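Peer 1: So you can see what is in the structure, the chains are spelled out below.
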Amino acid sequence: MRNKVASYLALLVLTSLLLGAAGCRASLKMATTTSLYDTGLWGYLEPKFEKKYNVALDILSLGSGAAFEYAKRGDVDVLTIHDKANEEKFIAEGYGVERVPFAYNYFLIVGPASDPAGIKGMNPEDAFKKLFETKSGTFVSRGDNSGTHSKEKAIWNAAGFDYEVVRKAGAWYIEGGKGMGPTLQMASEKQAYTLTDMGTYLSYKSKLNLVPIVDKGSILLNVYSVIAVNPQKVKGVKIDLANSLIGFLTSPEIQKLIGNYGVEEYGLQLFIPCAGAEPK
Amino acid sequence: MAEIWQGLVKAVELIVSFDPEVMSIAGRSLTISVTATLLAGVICLPLGSLIHFNRFIGKRTLINFIQTFYSIPTVVVGLFVFLLFSRAGPLGGLNLLFTPTVMIIGQMILITPVLLGLTVSALSGVDKAISETARSLGASDFQTVVIVLKEARFAVMAAILLAFGRAISEVGLALMVGGNIRGFTRVFTTAISLETSKGDIELAIALGIILILIALIINIVLNRLQQR
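Heads up: the sequence lines are chains S and Z, in that order.
Count along the first sequence from 1, add 439, and you get the number used in this note's numbering.
Count along the second sequence from 1, add 81, and you get the number used in this note's numbering.
Hints were generated in silico from the structure; no laboratory data involved.
What you are looking at is a predicted structure, and each value in this text was computed from that prediction instead of being measured.
Note that CB positions come from ideal geometry on N, CA and C, so glycine has one too.
It is possible that some hints are incorrect.
Stated by the list, open to error - For the chain S half of the interface with chain Z, some residues (derived, Cβ under 10 Å), not all of them:
id, residue
1, Ser466
2, Arg512
3, Lys617
Could you build all of it, start to finish, from the sequences and the hints given here?
Peer 2: See below:
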């Protein structure tokens with residue numbers, strides 16, 4: 440009987456220790472976009488940040504939609520994201536302090552080498568128009584409110600289409616509902632077109648049967664920004680640590696590292712640094 | 082299918098080299114799921130006995146209710162626990178979201194229906210004569226419960242093993258409330274999910290194989306304990 444009571448008490452002590460321990464750890468919670476995370480850039484930068492500021496950087500890899508939601512709830516302190524329209528809305532609504540661009544690259548439309556829809560070399564808006572009108576190629580969409588998905592919608596709008604109409608356009612338009620890597624894999628399997636950022640495409644290229652189809656067009660500019668969650672609107676934000684991360688990402692040393700990331704492996708810059716300034 | 086063989090080879094490599102990231106994932110997965118199972122057991126074994134041995138209105142309905150939750154998707158429990166512990170939620174002040182602690186709490190909630198329901202089933206399987214005999218020999222309520230639990234120990238152990246299995250194999254909750262943070266809340270299932278989505282099939286399979294091996298070892302250990 441006494442042994443049972445003792446073991447019950449031991450378990451209670453263990454539980455409270457675990458509960459207590461959880462609250463005491465100094466950490467900065469950051470939500471990042473899956474396309475940025477999957478390139479491995481954060482695996483490279485995380486230890487440098489943690490060492491410099493002596494704090495744990497907890498990185499959550501999410502679609503932009505989820506990232507904004509978690510930020511509004513105060514479950515993350517800072518965002519690194521690529522969805523300009525929604526970022527500006529986020530700040531206009533008071534949830535974010537300031538949009539600080541720190542790197543950019545370009546989106547591109549990739550697809551099968553055979554190019555069944557004949558859109559190679561066109562500009563993005565015309566390519567989308569031709570896909571819609573001829574229905575001779577399959578298109579896999581992210582379909583997940585991510586930054587990439589927002590860009591895709593922007594291209595459809597620029598081409599003169601209502602996105603809701605596109606969604607129902609037919610079996611050639613597939614909403615995958617997945618991150619960038621899995622979406623590329625699906626497009627490769629189905630020999631379909633998809634919109635992707637350069638970073639993820641280069642990381643996955645060796646596993647895919649897809650080639651760049653459309654890579655020129657100002658609408659394809661993909662800017663990554665870091666935004667601290669506004670402590671005046673959202674409770675519990677670790678604003679000092681968030682600002683440290685912003686300073687870190689825009690510092691000359693780290694900007695140089697970002698620019699060099701992947702060059703050796705892929706022969707191309709995955710990210711072009713732009714320290715706080717909006718690129719043209 | 083060659084990936085499975087490659088995965089097996091990779092699994093052996095990772096184990097033999099004591100790969101630090103895999104070790105930390107293994108330690109974390111075990112700590113979280115074992116703790117969740119133990120704590121759930123502490124609650125469900127007495128509670129299950131209470132439900133079985135007492136007559137009350139709505140007993141049948143309660144048991145049906147519990148059994149319904151055997152089928153609840155883990156991602157739904159995950160969403161519920163997320164909303165509870167999010168900063169914007171009622172328990173947000175505890176600062177527990179995206180920590181191993183909330184994963185333990187979440188897994189406890191997830192496996193309680195299974196452990197509770199199967200404990201009640203296990204006790205129902207014991208011949209009534211046992212409890213009646215015990216009482217006639219002067220056993221107290223508590224002693225009677227212990228005796229019947231002992232009689233049902235194989236079924237109860239099966240319940241515990243199943244509950245543990247459900248805890249350690251689930252992804253939806255671990256992903257939602259843990260956040261799959263490398264070095265802090267990444268466990269086998271969330272790591273496998275990530276590696277699969279990154280296209281590293283070989284590593285994903287290797288992690289899956291290691292997870293099954295661990296489950297096998299736990300099974301063997303618990304079965305040994307049961308034989309005593």
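Peer 1: Now tell me if each hint is right for this structure.
Peer 2: Hint-by-hint comparison with the structure:
1. Ser466: holds, 8 Å
2. Arg512: Status holds, d = 4 Å.
3. Lys617: It holds, given that the least Cβ distance between S/Lys617 and chain Z is near 7 Å, below 10 Å.
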